[in-house]
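Engineer: Read top to bottom, the protein sequences are chains A and B. Heads up: the first sequence begins at 1 in the working numbering, then just goes up one per residue. Heads up: the second sequence begins at 1 in the working numbering, then just goes up one per residue.
None of these hints come from the bench; they were simulated from the model. Check before you lean on any hint, since a few could be wrong.
Label pairs and their computed distance ranges (CB to CB) [as the list claims (entries may be wrong)]:
1) Gly101/A to Val110/B: 15 to 25 Å
2) Val123/A to Glu271/B: 40 to 50 Å
3) Gly62/B to Ser69/A: 33 to 43 Å
4) Gly12/A to Pro84/B: 33 to 43 Å
Heads up, the beta-carbon is just placed ideally off N, CA and C, and yes, glycines get one too.
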Amino acid sequence: VNSTLPPCGGCGDERDQIIAEYFTYGVNFVPVCVNFTQTAHSVYFTFSELNTGDYTWALVRQPLTISQSSGYGLDDWRANYGSSRIVNSAYRNPARNYAVGGAANSRHMFGDAVDLRNQSGGVPEWNAMVSAANSAKADFVEPQNGPCGLACTHADWRSHSGGYSQ
Amino acid sequence: MIKALESKTAKVTAALITYLLVLCVGVSSQTNPRVKLLKQLESASWETRASAFYQLIGVGLGKTFDGETSQMESIVSKLLATDPGAENRTRLGLIGLLDRENAVVRRQRVEFENTGKTLTEAYVNYYGDLIAAVGALDDVRSVGALLGAITTGGMAPRGLARLGRPALQPSLQELNSADPLTRSAALRVLSEMVSSEGFSVDAASSSQIRDAMVKSLTDQDSNVRIAAVEGVAKLNDPRLRPLIEKLATKDPYQMENTYPVREAATRVLREWQR
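Given only the sequences and the hints, what does the whole structure look like? Please build it.
Structural biologist: This is the structure we're talking about:
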């Protein structure tokens, strides 16, 4: 028995469909109802920017909403960079992740990863975003030859323990 | 005559024991799942290597890896404890695996520059988890492998900093790299070392770290200067205040309407005032 299955009756809303997708697409973890949010946001990024999935619910881990003054996380990344940034991709439900060609266990389905657009597409801006992400204590920053290429910078906080933002 | 016979019997017995031992080890390496997985870490196929890696991680976790990379330290510790006889081989297997993947990433970088072809998300996701695992080994033999992944976020620099003194000189060497991201990352290792509770920095090391950071405050690359400013902040040395004040007002690097180095230096001055 999978102990992470939703309780009888499920969540009673579209979260049930999202949770079912984690099974359908064989993701190596399955969230529960209370992990989801419809409102979590940070100072710089709205919920709709952090939710790049197909539903009105999303998984958003604390590094994506924590205050810049904590010295880490998405807002600190944005602040270190010094000007506004466009989110290319943050939370993706499994079906969405599949549709965009994401990995079977993409961090975007865990709610701790963000791709910020490199607006110029050039190396100096890409390097500046990497530097800002490192200052924001991102655990992993994809190399330049990663899936973003020079179009965006991917950072995630996979090693930071911490719960889900509500 | 009897002595000669006894000697011959002893030789035959010894040969038989040796044969049986060789046979046992051979059979064991074919049937022991750990040995099989470690062998698969050397496969030419990255999918096979990744699958073996995650199976090993699953052994440490006691179930299929569920993406909780924050638990990697305890996972790795349990993995090593589950088969103490294979601990050294497991450590070397993981370190060798990261060396191998670093080489893959480096090689593919050339292809990316020529054709624009990128690594897949599945690959880089696995690469990130592997860096976390090797960083959690706390093994001085991992210095080279972690340095090879030094520009990929905080996990490799933190793993190096945890190693303390054995990682100091190799990290200082990276400050001579032509790649500004590598120089920045090396400064972050030094910065972590200064703030690490596990590594008590002796006077000579402390002086080397300080000198390296001060020198990097005038690096030609603005991102390296920012990393140096953040490193100097950890030193909390009032004698360095004039240098930071100068950067806070005079650093020339401008991006759009902002001065990122000046802003980083101003943040440090603000922190020091608290």
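Engineer: Next step is simple, just say for each hint if it's right about the structure.
Structural biologist: Here is how each hint holds up against the structure:
| no. | hint | in the structure |
| --- | --- | --- |
| 1 | Gly101/A to Val110/B: 15 to 25 Å | holds (24 Å) |
| 2 | Val123/A to Glu271/B: 40 to 50 Å | violated (30 Å) |
| 3 | Gly62/B to Ser69/A: 33 to 43 Å | holds (38 Å) |
| 4 | Gly12/A to Pro84/B: 33 to 43 Å | violated (49 Å) |
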